[in-house]
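Participant: Fit chain B to the given chain A structure using the hints.
Here is how the chains run, residue by residue.
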Amino acid sequence: MTQYLITCRSLTQAQRTARLLEKHGINAAVTKIPQELSQRGCTYAVSLRRKFEEAVTILRKNDLLNGKLYVRSGESYTEVTV
Amino acid sequence: MIYLDNAATTLVKPASVERSFVQAMRTMASPGRGGHEPAMRAAETVLDCRMEAAELFNAPEPEQIVFTMNATHALNIAIRSLIRRGERVVVSGFEHNAVTRTLQACGARVCVAGRRLFDPADTIEAFQKALPDADFAICTHVSNVFGYALPIYEIADLCREHGVPLIVDASQSAGILTVDVQRLGAAFTAMPGHKALFGPQGTGILICGETGEPLLHGGSGSESILQEMPAFLPDRHEAGTQNVCGIAGLLAGIRFVKEKGTEAILSHERRLLADARRELTGCGLQLFTGSEQTQCGVLSLRSERHDCEWIAQRLAERGICVRSGLHCAPTAHESAGTLQSGTVRLSFSPFVTAEQVKGACAALREIADQA
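First to last, the sequence lines map onto chains A and B.
Be aware that the first sequence starts at 49, since it is given in the numbering used here, and climbs by one per residue.
Be aware that the second sequence starts at 7, since it is given in the numbering used here, and climbs by one per residue.
Since the hints were derived computationally from the structure, they do not count as laboratory data.
No experiment lies behind these values; they were computed from the predicted model shown.
Some clues are possibly wrong.
Unchecked claim - Interface residues of chain B toward chain A, partial, derived using beta-carbon atoms under 8 Å:
#1 Gly38
#2 Gly41
#3 Met46
#4 Ala49
#5 Glu50
#6 Leu53
#7 Ser228
#8 Ser230
#9 Ile231
#10 Leu232
#11 Phe238
#12 Pro240
#13 Asp241
Said to hold, decoys possible - Quick list of the computed label-pair ranges, beta carbon to beta carbon:
#14 A/Gly73 - B/Thr33: 22 to 30 Å
#15 B/Lys364 - A/Gly73: 53 to 61 Å
#16 B/Gly40 - A/Glu127: 19 to 27 Å
#17 A/Asn114 - B/Glu298: 43 to 51 Å
#18 A/Val119 - B/Gln110: 52 to 60 Å
#19 B/Thr33 - A/Val128: 35 to 43 Å
#20 A/Ser121 - B/Gln29: 38 to 46 Å
#21 A/Glu127 - B/Arg94: 48 to 56 Å
#22 A/Thr79 - B/Glu167: 43 to 51 Å
#23 B/Arg91 - A/Val130: 44 to 52 Å
Cβ coordinates follow ideal geometry from the N, Cα and C atoms, glycine included.
So that you can see chain A by itself, here it is in the shape it has in the complex (with noise of 0.2 Å):
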């Protein structure tokens, strides 16, 4: 199943990110990224697997998305914009 990743730059904006979306029923998970997507090290992200565009349009209007959003197949990653 595909996964989204959308990077926040604090854990705290990352857990607001996640209470945000479940909030709004959809599923949200914290995580760590990956080194190689991870620019100044230690970064958070939230994970989702579905309703991708929908979570954007909601962190969006709360003024919450100031990162990056990837789309992972298999191990690799594609940086994508929506």
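Facilitator: For chain B alone, coordinates are given in the frame of chain A:
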């Protein structure tokens, strides 16, 4: 034991505080340091506490809530963030050494505004006069020595009018009076977690209206490749492993305050203050009291016949815990004319009963009568 030293730290806490503290010790690791369950559980608790605090103090975003060791630590971050050598800082006549010593260490030029106890009009007028030449202002919300509730919102309005950034010391008001940081519009608001928010000792909060400059540098669990502290809150001010057990306890304390309501807490403490005032009037002690609106649940007193330390010691021998001396606030004592004598301070909490106050006052009357 009758514990009346709540302005220093609340000793009697809600049972949920201890339970949460112990549970955190057993189950929580370091937040922001790993993706494993104990670390994430800790992170959830820390975020819960940020969110509860943000709601209680009307902070727009939970990121503005920075956890510190105590109010002194929070005030040091605030003062060191803003104030440089030679800058002119207006402070009230009732500040704690956490403010005045830090300003001294910064080399700030300090102007004390408003020395009259329980006189909000005088305090406002003094700030009004001093602010036009000021670079910054710092004001305590409630005097830790006398319980004087300063007109903080009026002072905040004046600071805004004059474009002077304000730091608020809410050490004695958080959990008792309304502390609305949006209404205050302060650059920083500092408070302890271990007083009227009922957290364990070793907890404090700095509510940031500005990003500020870090006082401590170290690991934040974010942007680890960079050699500067992160530019964003709260990570900018939270270097090193956090006091997760303390924050878990603080979370329970804040929930207790929200459930009980600050108005109910304040009116209980004011009732105890009125009881103490009535019980102690006419027994040869000088009581420092104002009108009901200008005084919270703190009562300072002194005797012409006995040293305040002697009185406090006699009370301690009877199991009554009060604080005597200068209460780390010589500026406040200078304002009230008690710098030489000091005072004995009784300070209340929701866990103090009318019977306990009656018992303490009976003991004080006896002690005051002793030759």
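Participant: Decide, hint by hint, whether the structure agrees.
Facilitator: Hint by hint, here is what the structure shows:
1. Gly38: This hint holds: B/Gly38 lies near chain A, its Cβ roughly 4 Å from the closest one there, short of 8 Å.
2. Gly41: 4 Å, holds
3. Met46: 7 Å, holds
4. Ala49: 6 Å, holds
5. Glu50: For B/Glu50, the interface hint holds, since the closest Cβ of chain A sits about 7 Å away, which is under 8 Å.
6. Leu53: 5 Å, holds
7. Ser228: Constraint on B/Ser228 satisfied, holds at 5 Å.
8. Ser230: Holds, because the Cβ-Cβ distance from B/Ser230 to chain A comes to roughly 4 Å (cut-off 8 Å).
9. Ile231: 4 Å, holds
10. Leu232: Nearest chain A Cβ about 6 Å off; hint holds.
11. Phe238: 6 Å, holds
12. Pro240: 6 Å, holds
13. Asp241: Constraint on B/Asp241 satisfied, holds at 5 Å.
14. A/Gly73 - B/Thr33: 22 to 30 Å: Given about 28 Å between the Cβ atoms, the range holds.
15. B/Lys364 - A/Gly73: 53 to 61 Å: Holds - the Cβ-Cβ distance for B/Lys364 and A/Gly73, about 56 Å, lies within 53 to 61 Å.
16. B/Gly40 - A/Glu127: 19 to 27 Å: 25 Å, holds
17. A/Asn114 - B/Glu298: 43 to 51 Å: 48 Å, holds
18. A/Val119 - B/Gln110: 52 to 60 Å: 57 Å, holds
19. B/Thr33 - A/Val128: 35 to 43 Å: Given range 35 to 43 Å: holds, Cβ gap about 37 Å.
20. A/Ser121 - B/Gln29: 38 to 46 Å: Since the Cβ atoms of A/Ser121 and B/Gln29 sit about 41 Å apart, the hinted range of 38 to 46 Å holds.
21. A/Glu127 - B/Arg94: 48 to 56 Å: 51 Å, holds
22. A/Thr79 - B/Glu167: 43 to 51 Å: 48 Å, holds
23. B/Arg91 - A/Val130: 44 to 52 Å: 50 Å, holds
Checked against the numbered hints listed earlier, the structure breaks none of them; every hint is satisfied.
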